[in-house]
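A.B. asks: Given next are the chains, with one letter for each unit.
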Amino acid sequence: MGRGDENGDTGTRESKRRRKTAAEVTRKPATGTTGATGGGDAPAVVVATQQQQPQPRSLLNKVTTTTTTTTTIPPTTIPTTTTTINITDVYQASLDHECLEAQERSEEEDEKLVAAIMQHIRTLMKEILKLKLDRPDQWLNEVEERRIQVLMLMLSLRRLSRVQKVRMRDSREKTAEARQSVDGVTLQLQNLLYEVAHLKKEVRRCLDFQSADQEIDLVPVEQFYVEAPESISRPAETVENPHEQRLARLQWELEQRRDQTQLFDKLTQEKEAVAENINEQERKLASLAPRINSILEATRPLQDALDLPIDAKRDQQRIVQLLPSPLYTLWVQASAYGEAFDANIKVEVFGDVDAAKKLIAKEEDSRTENLSESDNDQDQQEENLSRKKRNRKAQKMDTEEIDDGVKQMLGLHPLCVKINVSTKEGNSVCVSFFYMQTLRIVTAKCSVHLHEKTKSAITDVISGDTLLNCLLPDDDGQTSPNPANFFQLNRLRINLCDHLSATGRPYKWAQTLAGLSFSSSKQSAGTGEETQEMCAVGGGSSVGEVAEVVTWQDSAEQMPHTIQAIRRRLQARLALHAQLVNLETANSTSSIAIPAELLRQHFPGKVCSELKSWRPITWADYEAAPSTRSLCEAQIVSPQHLLFKAIFDRKHVRLEAMVAVSPDHPSTVPVVALSLHWEGQHQTTNNPQLRHMEKEVNVHWDELVSSRSDRLHLLPLILYRLAVCLDVYTEAYSAHADARGPDAQFHKEKIFFRPARGPDRAFPFKYHPKLGVFSQR
Amino acid sequence: MVVSALKNLYSTTYSQASSPDGSLLAVGNNEGKIILFDLSGVNTSRETGVGERLGGPFKTISAHSDAVYSMVSTDAFCISGTTGLIAGRRWSELKQQQSQAAWTISLECDQANFGTPEVNSLAYDSVRGLVYAACGDWRTHVYDLETGKRAHTLEGHDDYVHDVVTSGNLVASSSEDGQVFVWDLRAGREPRHKLAPYTQDQLARPHLGRFIASLDLYNDWLVCGGGPRAGIFHLRSLALTTVLPSAKSAIHVTSFIRHAEGGDRGGIVVAGVLPHLCVCSMAGVVTAQLPSSSPCIYTVNVADKPFTMMTYGGTSTKIDICFNLNYRDHTVSLLED
Numbered sequence: 001m002g003r004g005d006e007n008g009d010t011g012t013r014e015s016k017r018r019r020k021t022a023a024e025v026t027r028k029p030a031t032g033t034t035g036a037t038g039g040g041d042a043p044a045v046v047v048a049t050q051q052q053q054p055q056p057r058s059l060l061n062k063v064t065t066t067t068t069t070t071t072t073i074p075p076t077t078i079p080t081t082t083t084t085i086n087i088t089d090v091y092q093a094s095l096d097h098e099c100l101e102a103q104e105r106s107e108e109e110d111e112k113l114v115a116a117i118m119q120h121i122r123t124l125m126k127e128i129l130k131l132k133l134d135r136p137d138q139w140l141n142e143v144e145e146r147r148i149q150v151l152m153l154m155l156s157l158r159r160l161s162r163v164q165k166v167r168m169r170d171s172r173e174k175t176a177e178a179r180q181s182v183d184g185v186t187l188q189l190q191n192l193l194y195e196v197a198h199l200k201k202e203v204r205r206c207l208d209f210q211s212a213d214q215e216i217d218l219v220p221v222e223q224f225y226v227e228a229p230e231s232i233s234r235p236a237e238t239v240e241n242p243h244e245q246r247l248a249r250l251q252w253e254l255e256q257r258r259d260q261t262q263l264f265d266k267l268t269q270e271k272e273a274v275a276e277n278i279n280e281q282e283r284k285l286a287s288l289a290p291r292i293n294s295i296l297e298a299t300r301p302l303q304d305a306l307d308l309p310i311d312a313k314r315d316q317q318r319i320v321q322l323l324p325s326p327l328y329t330l331w332v333q334a335s336a337y338g339e340a341f342d343a344n345i346k347v348e349v350f351g352d353v354d355a356a357k358k359l360i361a362k363e364e365d366s367r368t369e370n371l372s373e374s375d376n377d378q379d380q381q382e383e384n385l386s387r388k389k390r391n392r393k394a395q396k397m398d399t400e401e402i403d404d405g406v407k408q409m410l411g412l413h414p415l416c417v418k419i420n421v422s423t424k425e426g427n428s429v430c431v432s433f434f435y436m437q438t439l440r441i442v443t444a445k446c447s448v449h450l451h452e453k454t455k456s457a458i459t460d461v462i463s464g465d466t467l468l469n470c471l472l473p474d475d476d477g478q479t480s481p482n483p484a485n486f487f488q489l490n491r492l493r494i495n496l497c498d499h500l501s502a503t504g505r506p507y508k509w510a511q512t513l514a515g516l517s518f519s520s521s522k523q524s525a526g527t528g529e530e531t532q533e534m535c536a537v538g539g540g541s542s543v544g545e546v547a548e549v550v551t552w553q554d555s556a557e558q559m560p561h562t563i564q565a566i567r568r569r570l571q572a573r574l575a576l577h578a579q580l581v582n583l584e585t586a587n588s589t590s591s592i593a594i595p596a597e598l599l600r601q602h603f604p605g606k607v608c609s610e611l612k613s614w615r616p617i618t619w620a621d622y623e624a625a626p627s628t629r630s631l632c633e634a635q636i637v638s639p640q641h642l643l644f645k646a647i648f649d650r651k652h653v654r655l656e657a658m659v660a661v662s663p664d665h666p667s668t669v670p671v672v673a674l675s676l677h678w679e680g681q682h683q684t685t686n687n688p689q690l691r692h693m694e695k696e697v698n699v700h701w702d703e704l705v706s707s708r709s710d711r712l713h714l715l716p717l718i719l720y721r722l723a724v725c726l727d728v729y730t731e732a733y734s735a736h737a738d739a740r741g742p743d744a745q746f747h748k749e750k751i752f753f754r755p756a757r758g759p760d761r762a763f764p765f766k767y768h769p770k771l772g773v774f775s776q777r
Numbered sequence: 001m002v003v004s005a006l007k008n009l010y011s012t013t014y015s016q017a018s019s020p021d022g023s024l025l026a027v028g029n030n031e032g033k034i035i036l037f038d039l040s041g042v043n044t045s046r047e048t049g050v051g052e053r054l055g056g057p058f059k060t061i062s063a064h065s066d067a068v069y070s071m072v073s074t075d076a077f078c079i080s081g082t083t084g085l086i087a088g089r090r091w092s093e094l095k096q097q098q099s100q101a102a103w104t105i106s107l108e109c110d111q112a113n114f115g116t117p118e119v120n121s122l123a124y125d126s127v128r129g130l131v132y133a134a135c136g137d138w139r140t141h142v143y144d145l146e147t148g149k150r151a152h153t154l155e156g157h158d159d160y161v162h163d164v165v166t167s168g169n170l171v172a173s174s175s176e177d178g179q180v181f182v183w184d185l186r187a188g189r190e191p192r193h194k195l196a197p198y199t200q201d202q203l204a205r206p207h208l209g210r211f212i213a214s215l216d217l218y219n220d221w222l223v224c225g226g227g228p229r230a231g232i233f234h235l236r237s238l239a240l241t242t243v244l245p246s247a248k249s250a251i252h253v254t255s256f257i258r259h260a261e262g263g264d265r266g267g268i269v270v271a272g273v274l275p276h277l278c279v280c281s282m283a284g285v286v287t288a289q290l291p292s293s294s295p296c297i298y299t300v301n302v303a304d305k306p307f308t309m310m311t312y313g314g315t316s317t318k319i320d321i322c323f324n325l326n327y328r329d330h331t332v333s334l335l336e337d
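Residue numbers (full-length UniProt numbering), protein chains in the order written: chain B, 1 to 777; chain L, 1 to 337.
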């Protein structure tokens, strides 16, 4: 209840104070000094003014009067300022008094005092009321008197209230003080707690400490007691005490290690001594070699004098021993054949002898140590690689791994056999035979050396790479003749064709010469067992000579045929080359070089169609031409063929002939594919007469050649015949078609009786040389 | 191997004939060979409804030294014509794989100007027992099969005769010179009608030439084609009634399909230097276009007994077989394996 009153009290007081301050502000300009002194503690001043109401009023009045006077008389300002100082002193005194009062009296006393005053006021108010109602005489004075009493009581209430305020301020200060001390204590407590936690952590770390000795492998306890001497193990003390036991075991470990280090040092010294010994012996051996060499050197003049190539032969013999067995077979057979029949054959062995020696040593090692084949191959492979390469390989393993696999798969034996076959004219073919170690096949590389006169004429027709293609039918050297290789190559996704320039071509005849005979793929397909074995070889097992059999007899039989075939091929290619050179420069039919005798024998005197151009084309061009589709589909022409495009013109008629010269030309004759431009494009499919013409050239070539030597001229003969056929075609066609322009017609110059014959209206392409006429076939 | 492959590449089928009972099909090619197919298996399978394909050749006979340009079938004989020679073989003997000719007729003619003439086409008149041979010496020779002698000769063309057909009393022949003659045997030696399709603007194709390679007769209608387009003529009025559509190339076969089963009555087959064969209606509308394994077709044989079967071949080693005139059933190789 008291609190609520207090609130209400403060509310009224606040409003009053506001009013007062307003009054003060209004007064401020006049009493600048009072404003300055009271500014610090305005409420206190106000309270003071209220309390000393009677005096201040009079004072203020005085001030106002004095200020009005000061405007006129400045010297009188000094007394006024002293009076204001007095006033503040009075305030201060009353404040101090109130503080004293607050300390002297307790709150409870004041509370009772307030209640008594309130009661007093109430009775006075009731008396006033009664007086006002009754209105006795003198009531006005009575009322005035009582009102003064009430006002006085009110004043005392106000003072009490101020005293209470002072008390509150005091108690607040005390509380603040108390809180400060509590805060200090709390901080201290927290510091202590932190210290405790830190200490605990330290303790835990100490508890968790791992000693170095725990990582040392020690002999088991039982063994320790058995092996260690009493002096170290001290069973009496250590059995019971684990710590002592551990120390003892560590001691024993140290002891043992020291012993072993000594042993190691001793053995190293022994080893060095032995190595020293070996070195000395090697030096002795090495000093022997020059002496032997000098002896050999000394015999050389004698050898030369007696013309005995013992040395060279011995060198060769020594190298030959290093050859792998297929190449050895080849060497033996070829040199035997050369010695027996053919002085124009030279057989030599070339290559890196040291590498071959190492290889053989490796093989022996692997045989004794019974290493697996693949490891052995790996070693061989690494032997072939330079040290630098190996370092690089270690760095980037992934990319090189496949590459290495390919290299290993296609690896050649370091030695090769070179057979030099020369002809009477002085031209020679040099064939190098290599052995592919992993694939177990023999490959051949070939180069041509021409006599000086024709030296400038080396082109791709007689270049070594394809010279020996199809020496035997269907032997293009593109795929491996060893059926097992299919699996090996497939595993690494190698296409042998892509590597032929590096490895040489694995011709079938080369295998035969080297005595390798492979079961053909047809047979192997029948027997499952065999293919399984091949798979095993492919998988890198050590089963070596399963797929191939080295047979000397076959090699011996085939050697003469093959040598002869190589000679014949060279001769044919040289002839063909001469013809091609001629054709490339030819710009008319008459400039096709054909022996006059053959020309007279097979062709009429006059030819009107002209050979306009002759140029080589690629397989892609050839295949793309519509005229060649049936030939390609029938697989008569393959990418192995040499391909050309010949163009014949007769006035506005143009004949395009795609000529395919077989690799074994002239055994297999050239094949042509025709297309004609004459008022539109004609193909053999939509023009039966053109088809007849193509047939005349492709099928009936045998009429043009009577002997083998004529065959060498087959290509020019065929081209000449094409020109003649175009004459006949244009003339026979003109004989029938109506209403052409006069310049489009062709005058009949060839002699034939019937321009067309039979249901298919065949043209007379066949020439009868004796009669000089053309007829249908 | 390459040589034989090349030969096969240029192999051409010129003629066909099927035996009257429909059990044998003979195919003549440019190497003088007659290739026989046994159709009995196919026929029985068609009776039972199981579609069986024709297998490989049953027998290959080296019949002539030159191409077998023409063949015709009679009741007893398979007659083939080549350069200077007509030969007859009994169907019954062919069935037993005997290849000897039962008889041969040599063309008697002067060889001075022409060399030995070839027999481009054969036709058989079963009523009179006559064989008509369209020959390279500009004439059509008529032989009596009873005597083996020449009965008479139809002359008048100015170039070699491409084709000859007979129907009832009429014989028609066409020639390289572009003329078509229709002869009436009762009327004497002169042709009764002369037609020159190359003079008709609708048919003429001067850049291909005038020649009429093929013709056919059916009642009052005549169809012919070659260098000019194929067209149907009405014989009584001698008017061109229909121009048959065809591509821009020469025609080698035009033929009426007579009694074919399945509503194909009155159709016409047109083929030539085209990789397909057209079946047209009389009105000139193409009703079917059958693909061909030969880029150029020289012979079409339509048999109607016991079943409809059309075989056609040309510049390849294959013939195509249809059991119905609307689509190609399958293709058979002429090569023996």
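Take the hints with a grain of salt, since some may be wrong.
[What the hints assert, rightly or not] List of simulated lysine-lysine pairs, DSS-like, C-alpha gap at most 25 Å:
(1) 424(B) x 362(B)
(2) 645(B) x 95(L)
(3) 651(B) x 748(B)
(4) 766(B) x 7(L)
(5) 445(B) x 407(B)
(6) 418(B) x 407(B)
(7) 305(L) x 95(L)
(8) 766(B) x 33(L)
(9) 770(B) x 750(B)
[Said to hold, decoys possible] Chain L side only, calculated, beta carbon under 10 Å to chain B, not exhaustive:
(10) 10
(11) 106
(12) 295
No lab work stands behind these hints, which were simulated from the structure alone.
Ideal Cβ placement from N, Cα and C applies to all residues, glycine included.
A.B. asks: Give a verdict on every hint.
C.D. replies: Comparing the hints with the structure gives:
1. 424(B) x 362(B): 45 Å, violated
2. 645(B) x 95(L): 50 Å, violated
3. 651(B) x 748(B): 14 Å, holds
4. 766(B) x 7(L): 17 Å, holds
5. 445(B) x 407(B): 18 Å, holds
6. 418(B) x 407(B): Holds - the C-alpha atoms of residue 407(B) and residue 418(B) are around 23 Å apart, at most 25 Å.
7. 305(L) x 95(L): 18 Å, holds
8. 766(B) x 33(L): 21 Å, holds
9. 770(B) x 750(B): Distance ~14 Å between residue 770(B) and residue 750(B) Cα, so the pair holds.
10. 10: 4 Å, holds
11. 106: Because about 18 Å separates residue 106(L) from the closest Cβ in chain B, which is outside the 10 Å limit, the hint is violated.
12. 295: 4 Å, holds
Going through the hint list in order, the structure does not satisfy hints 1, 2, 11.
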